[in-house]
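**Q** Listed below, chain by chain, are the residues.
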Amino acid sequence: MSRRDPFLQVRNLQKAYLLGRFVLPVLRGCSLNIDEGEFVAIMGSSGSGKSTLLHIAGALDTPDRGTVSFEGHDVFAMPASGRDRLRNQVFGFVFQFYHLLPELNILENVLLPAMVGSSVLGWFSRRAAARAAAEEMIEQVGLTGRIKHRPNELSGGERQRVAIARALVNRPRILLADEPTGNLDTTTGRGILTLLKRLSEQGQTIVLVTHDASVAAGAHRTVTLVDGQIRSHAAGGPAKAADSVAPSS
Amino acid sequence: MYKLFLCLRYLFKRRIAFFAIASVWLCSAMVLIVISVMGGFLDLVKARSRGLLGDLVMENSALQGFPFYQEFIDELKRDMPDEIAEATPVILNYGLIRFPNGNITKPVQVVGIRLEETYRVNDFRQGLFFDRYYPGTTMLAPQQVPVLGLDPAGKLVLPPELEAAHAEWRKTATPEDLERAKKQKGAFFDGPGLFYSANWAEEGRTAPGWAQDELPGLISGIDICAKRLPDGDYERYYPRGYQVLLTLLPITPRGTLVDSSPPKVAFRLVDDSSTGVYDIDSLSVYVDFDIIQEYLLMNAQQPEDGPPIPARATQVQIKAKEGVDPYETRDRIRARWDRFMAAHLDQTSEPQLLAEVEIKTWEEKQAKFIQAVEKEKVLVTILFCIISLVAVLLVGCIFYMIVQQKTRDIGIVKSVGATYAGVASIFLMYGAAVGVVGGILGMVTGAIFVHYINDIQDLLTRVHPNLQVWSPEVYTFSRIPNVVKGLDMAVIFAVAILASMAGAVVAATKAARVWPVEALRYE
Numbered sequence: 001m002s003r004r005d006p007f008l009q010v011r012n013l014q015k016a017y018l019l020g021r022f023v024l025p026v027l028r029g030c031s032l033n034i035d036e037g038e039f040v041a042i043m044g045s046s047g048s049g050k051s052t053l054l055h056i057a058g059a060l061d062t063p064d065r066g067t068v069s070f071e072g073h074d075v076f077a078m079p080a081s082g083r084d085r086l087r088n089q090v091f092g093f094v095f096q097f098y099h100l101l102p103e104l105n106i107l108e109n110v111l112l113p114a115m116v117g118s119s120v121l122g123w124f125s126r127r128a129a130a131r132a133a134a135e136e137m138i139e140q141v142g143l144t145g146r147i148k149h150r151p152n153e154l155s156g157g158e159r160q161r162v163a164i165a166r167a168l169v170n171r172p173r174i175l176l177a178d179e180p181t182g183n184l185d186t187t188t189g190r191g192i193l194t195l196l197k198r199l200s201e202q203g204q205t206i207v208l209v210t211h212d213a214s215v216a217a218g219a220h221r222t223v224t225l226v227d228g229q230i231r232s233h234a235a236g237g238p239a240k241a242a243d244s245v246a247p248s249s
Numbered sequence: 001m002y003k004l005f006l007c008l009r010y011l012f013k014r015r016i017a018f019f020a021i022a023s024v025w026l027c028s029a030m031v032l033i034v035i036s037v038m039g040g041f042l043d044l045v046k047a048r049s050r051g052l053l054g055d056l057v058m059e060n061s062a063l064q065g066f067p068f069y070q071e072f073i074d075e076l077k078r079d080m081p082d083e084i085a086e087a088t089p090v091i092l093n094y095g096l097i098r099f100p101n102g103n104i105t106k107p108v109q110v111v112g113i114r115l116e117e118t119y120r121v122n123d124f125r126q127g128l129f130f131d132r133y134y135p136g137t138t139m140l141a142p143q144q145v146p147v148l149g150l151d152p153a154g155k156l157v158l159p160p161e162l163e164a165a166h167a168e169w170r171k172t173a174t175p176e177d178l179e180r181a182k183k184q185k186g187a188f189f190d191g192p193g194l195f196y197s198a199n200w201a202e203e204g205r206t207a208p209g210w211a212q213d214e215l216p217g218l219i220s221g222i223d224i225c226a227k228r229l230p231d232g233d234y235e236r237y238y239p240r241g242y243q244v245l246l247t248l249l250p251i252t253p254r255g256t257l258v259d260s261s262p263p264k265v266a267f268r269l270v271d272d273s274s275t276g277v278y279d280i281d282s283l284s285v286y287v288d289f290d291i292i293q294e295y296l297l298m299n300a301q302q303p304e305d306g307p308p309i310p311a312r313a314t315q316v317q318i319k320a321k322e323g324v325d326p327y328e329t330r331d332r333i334r335a336r337w338d339r340f341m342a343a344h345l346d347q348t349s350e351p352q353l354l355a356e357v358e359i360k361t362w363e364e365k366q367a368k369f370i371q372a373v374e375k376e377k378v379l380v381t382i383l384f385c386i387i388s389l390v391a392v393l394l395v396g397c398i399f400y401m402i403v404q405q406k407t408r409d410i411g412i413v414k415s416v417g418a419t420y421a422g423v424a425s426i427f428l429m430y431g432a433a434v435g436v437v438g439g440i441l442g443m444v445t446g447a448i449f450v451h452y453i454n455d456i457q458d459l460l461t462r463v464h465p466n467l468q469v470w471s472p473e474v475y476t477f478s479r480i481p482n483v484v485k486g487l488d489m490a491v492i493f494a495v496a497i498l499a500s501m502a503g504a505v506v507a508a509t510k511a512a513r514v515w516p517v518e519a520l521r522y523e
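Chains as they are written, first to last, in our numbering: chain A, 1 to 249; chain B, 1 to 523.
Isolated chain A (complex conformation) (with noise of 0.2 Å):
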């Protein structure tokens, strides 16, 4: 990485879907800078495009147009293993309904990006580092007690600590999370916050989706999406030049 390459850096992102005859443009020329460390909200109504632009942000949905570079690296000028690799390795994703495999206990859950990232024979090589950084992860996320019980054992809170847990396991640089509190209730996704604030007081680089002002308050920057553009910032820091804004209409 060059000192002028940013961190992620999305550019002029269109994205849109077929919907029987129709076609349905999500996003519509979105550009995004994001530093290293930084915590960033994404916020916007139902249908803005805010999950579409996470996605293909984490190199789990391609753009019809736009690029998105990690480090100065076209992430889809990559071959797909270069962005599976993102994947287990540079991404963390927190999805709103959790997406646990229910027949893991917690500790496998958690272990599975380790498990992704090595071969049958480097798995015995690192199976005890991988287990104790997956235990550590657990730890962190207040989950210790529960480590065998499996998914449908727990509640949606916990559940969520979990997919954070298995987000955080290889370390990944950036912690992608959709609407990681959408489907909790008050107390429960204040808890979760909490736990993502701390995660970037420790230097974590974080995309949060949401559509609650007061989750997107502990970012340091928001970014509001509308109807698939991105209009405007908010809160911890000024807007990166490189973001675009489109007028209000």
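Hints listed in this document are in silico derivations from the structure and should not be mistaken for laboratory results.
Fair warning: there could be bad hints in the mix.
What the hints assert, rightly or not - Here are the computed distance ranges between Cβ atoms for each label pair: (1) A:Ile147 / B:Ala421: 26 to 36 Å; (2) A:Asp35 / B:Leu389: 57 to 67 Å; (3) A:Thr194 / B:Leu8: 32 to 42 Å; (4) A:Ile147 / B:Ala490: 38 to 48 Å; (5) B:Ile386 / A:Gly47: 19 to 29 Å; (6) B:Val491 / A:Gly72: 51 to 61 Å; (7) A:Arg127 / B:Ala372: 58 to 68 Å; (8) B:Leu4 / A:Gly182: 27 to 37 Å.
Glycine included, every Cβ here is placed at the ideal spot set by N, Cα and C.
Got chain A; can you put chain B on it based on the hints?
**A** Frame of chain A; chain B shown alone:
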């Protein structure tokens, strides 16, 4: 690592996978049973064919046989000592056997053999009943009837010659042999086999010994003189030495029946033979070669008004020495026979009998039958493999359902970095694991079933005679082959794994193509 981990986890957590395992299990067991039985049948056909005929056979297709057989046998033994272990002439003819007590008459194939030479040429001895338990006492020469009597201690015993032979057998008999001998126990007497007991009131004696007139011996095919029981053993109707009447059909060298009425010759039933081939055991009786040759007028004769007629035999069975290639030996014997025949054509009035002699290996002699069985084995195996495709399709359907159900999980795994190949290999390994588990179960079940297949059939037959699936009349062997070959198991096991993986290919490809964000949205 996650591929193996998730594959094993899905294997034991997804109950639907057990249906896939069950289908692989049943199909692999079914194919193993079919291949083992048909393969065993083929092996039996080959082994028995060789055991019955020796390595090579000389014969012409004529019932009246061919002359100068003994001269040629002598020449073979003299000039090919490194290749020929033994050679013996055989006469094959047809006749009627009559068991006087029951007024039963049956058509039979009369086989004239030299017993000692036959023992050395083929496996005939191994199928003899009395020769097994009283070794060396079965003879085709004229003999009396052995009669049970009382020893000084008041115990029923056989004549000393038979008692000594039986004692000799017991010395080398295994516990299994002794147990089997107990099951063959005849009436009145503890030893195996049926014997006459002395009529003490009439004959005024109690000691064992030999009675009645000397008559030539006859060995009967087991299915002529005994009834097969559901458990595979036989119930013998006639005691050793029982007198039977054989009506023969002598044929002239020209192939016509002799004008005089067919000779009726009394023989003593001295033993029974079980070759395991039903068509032989239900049709053949064995008598002394020289005796039957004389009755059939196939011996050397000197007519008053013509040249001498040489003795004839219908077959010569040849045993090659160990390590000798029967096909190479056949070619050398053929060449030798051509020279021999040329030198003897002018010494017989029926030279065509010599010209039509053919020399074949045991495989060539039974080629039609062996090839038919081989084709049947291939056909049945193909049919069952086609049926097994159902299992592959079932595995495919089940895996497709699993992928449908697990679409979101696939998205999760991909969201943490799983590759296209990694996700595909989860389901391919899953398919392989289904194949391994189903295959192991199939091999174990199939092997156990094949091992006990005759007991199962006996049990079914006891329940209802119509449930007897293996008919000795159709398949020629009295018992279903029940040997499983390791190679067959290994091949079927490997195919079960590959077939299961093939069944999983479509589902694995579908899983691998799942786009992570689509999968995570999947409801």
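**Q** Each hint needs a verdict: does it hold in this structure or not?
**A** Against the structure, the hints come out as follows:
1. Between Ile147 of chain A and Ala421 of chain B the CB atoms are about 31 Å apart, so this pair conforms to the stated range of 26 to 36 Å.
2. Separation of Asp35 of chain A from Leu389 of chain B is about 59 Å and conforms to the stated range, judged on CB atoms against 57 to 67 Å.
3. For the pair Thr194 of chain A and Leu8 of chain B, the supplied restraint of 32 to 42 Å holds, since their beta-carbon distance comes to about 38 Å.
4. Remark: the range hint 38 to 48 Å for Ile147 of chain A to Ala490 of chain B is upheld by a beta-carbon distance near 43 Å.
5. For the pair Ile386 of chain B and Gly47 of chain A, the supplied restraint of 19 to 29 Å is violated, since their beta-carbon distance comes to about 54 Å.
6. In this structure, Val491 of chain B and Gly72 of chain A meet the distance hint of 51 to 61 Å, their C-beta atoms being roughly 56 Å apart.
7. In this structure the supplied range 58 to 68 Å holds for Arg127 of chain A paired with Ala372 of chain B, their Cβ-Cβ distance being about 60 Å.
8. For the pair Leu4 of chain B and Gly182 of chain A, the supplied restraint of 27 to 37 Å holds, since their beta-carbon distance comes to about 35 Å.
Against the hints set out earlier in the document, a violation occurs for number 5 only.
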